[in-house]
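**Student:** In terms of our numbering, the sequence shown has 260 at position 260, counting the first letter as 1, and numbering is strictly consecutive.
No lab work stands behind these hints: they were computed from the structure. Hints may contain errors.
For lysine-lysine, the following DSSO-like pairs were computed, each having C-alpha atoms within a straight-line distance of at most 27 Å [what the hints assert, rightly or not]:
(1) Lys331 with Lys153
(2) Lys436 with Lys218
(3) Lys21 with Lys132
(4) Lys436 with Lys21
(5) Lys153 with Lys218
(6) Lys436 with Lys263
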Amino acid sequence: MTRAHEPSGMLAPGLEDSWTKYQETVGAEAAREDADAFAAGTYREGWTHIYPPQLYSPGFVDELAYAARTVVGLLQGIPERVFGGDFAAWMEFQGLTAEESDLLTRSLNKRNLHMAGQFARPDFVLTTGGPKVVEVNVSAPLGGMNTVDPYLKQFRSSGYLRQLQEAGYDVSAPEMRSIWGAAFQSLVRPRPTDGLPVVFEAIADRADINSGRQEFEKLVGSFGFGYANGLVQDLDVRADGVYYEGRRVDVVFTMYTWLETRKFVPSEVTVRLMEADAAGLVDFIAPPTSALFDNKANLELLTSDAFAGCFTEAEREFIQRYIPRTFRVTKETAPEAVAHRSRMVLKPGSDYGGRGIVFGERMSDEEWATAIGDAAAGSGFICQERLELWASPGFDGTEYRDYYVCLGPLVFADTYAGALVRRADAASGNLVINVKQGAEAGGLLAGHAAAV
1 MTRAHEPSGM
11 LAPGLEDSWT
21 KYQETVGAEA
31 AREDADAFAA
41 GTYREGWTHI
51 YPPQLYSPGF
61 VDELAYAART
71 VVGLLQGIPE
81 RVFGGDFAAW
91 MEFQGLTAEE
101 SDLLTRSLNK
111 RNLHMAGQFA
121 RPDFVLTTGG
131 PKVVEVNVSA
141 PLGGMNTVDP
151 YLKQFRSSGY
161 LRQLQEAGYD
171 VSAPEMRSIW
181 GAAFQSLVRP
191 RPTDGLPVVF
201 EAIADRADIN
211 SGRQEFEKLV
221 GSFGFGYANG
231 LVQDLDVRAD
241 GVYYEGRRVD
251 VVFTMYTWLE
261 TRKFVPSEVT
271 VRLMEADAAG
281 LVDFIAPPTS
291 ALFDNKANLE
301 LLTSDAFAGC
311 FTEAEREFIQ
321 RYIPRTFRVT
331 KETAPEAVAH
341 RSRMVLKPGS
351 DYGGRGIVFG
361 ERMSDEEWAT
371 AIGDAAAGSG
381 FICQERLELW
391 ASPGFDGTEY
401 RDYYVCLGPL
411 VFADTYAGAL
421 VRRADAASGN
431 LVINVKQGAE
441 AGGLLAGHAA
451 AV
């Protein structure tokens with residue numbers, strides 16, 4: 001396995017300043033027009049897309065794909081390897097409430113556990129020591145699904161790429177659509193239907209405008225499915241099937257998170273859909289089972305010496321290389337967290353979008369002690385080792401500046417399907433590299449010499 005031992009080894013050799021060369025060749029005005037055309041072609045409300053994209057070395061992309069698939073596999077093995085199949089003990093470890101545990105327990109069957117492994121996105125920040133996993137998203141709706149392929153498609157029509165190709169280079173990335181489609185179709189069971197089988201994109205929050213919906217409709221349509229969308233609470237589960245506004249639904253795809261499930265969806269709605277799936281009346285993709293694998297507390301199970309015996313020597317070496325030490329904040333661990341404030345990051349265990357993340361180095365001793373005390377008094381918070389981020393050079397449309405980068409490789413049914421790239425201006429002081437926190441987004445591209 002090729003590994004980038006130096007941060008500079010992550011970037012495509014010979015292409016670090018290729019945008020500058022492009023500007024010199026075509027002129028600043030033509031390059032600006034190219035960037036404007038790219039922005040227009042990738043426009044999505046509330047999103048800023050990276051252009052020009054940073055080009056990574058094929059060896060680094062291979063390493064990232066390997067690391068992503070491996071960490072997802074390690075998570076999938078936790079129930080048996082750490083808890084001997086005792087899911088109640090796993091839920092207790094995660095600090096789940098009785099209501100949460102009850103719903104998740106009702107979701108436990110072979111099919112649902114299989115579905116929980118089909119859609120994942122580990123998030124790696126780029127550090128001075130290489131890529132490091134800071135969380136693993138395990139859920140049917142993943143950021144990047146509506147970004148990666150459209151981004152690559154638009155780049156394929158850019159003047160910048162044409163210039164790279166004339167200079168003897170090309171770019172590559174997996175086609176996310178086909179890899180996602182294979183995972184999706186493997187979960188859909190054939191059943192009689194009049195016309196196209198219908199996929200219902202289910203949302204939970206009435207305020208969710210879901211700006212990516214058009215791309216998802218195109219995605220499922222490319223595999224021969226009709227499309228509908230609406231609130232999951234408005235589905236009509238009958239003895240002969242599931243309906244929405246009188247229309248038969250064949251697949252319910254949950255485009256909402258575990259947090260939204262708890263906040264907006266009555267448990268009986270979820271239970272009825274799980275029962276309909278078990279009866280073969282609908283394909284419920286995916287039930288809340290994946291929340292067990294999504295929780296950040298799982299990273300303690302991977303990084304703590306207390307559980308080291310559950311993993312092989314090679315797996316422990318992998319964990320040490322790629323995953324920073326993580327532990328739940330409890331009354332027992334609070335003193336360590338308080339004592340090492342500048343080396344700690346406090347995070348909610350099951351939130352998303354970069355919300356609730358607190359860096360110890362940015363708080364006073366008193367503020368930090370209060371934050372840790374509050375976290376320890378409740379449940380569901382973790383502390384993670386603070387990482388030294390790599391400041392990666394990127395062009396902002398006017399000049400080069402340093403950015404912090406987070407890469408989110410998509411893993412569908414154990415297959416790497418491309419990666420969501422997010423970057424935040426290092427000078428802004430923003431250490432939470434998330435689109436909802438102002439980061440720019442794009443797709444991961446490997447730059448290399450063109451095949452002869």
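**Student:** Does each hint fit the structure? Answer for all of them.
**Tutor:** Here's how the hints hold up against the structure:
1. Lys331 with Lys153: 51 Å, violated
2. Lys436 with Lys218: Status holds; Cα separation ~24 Å.
3. Lys21 with Lys132: 32 Å, violated
4. Lys436 with Lys21: 33 Å, violated
5. Lys153 with Lys218: 14 Å, holds
6. Lys436 with Lys263: 19 Å, holds
In summary, the numbered hints that this structure violates are 1, 3 and 4.
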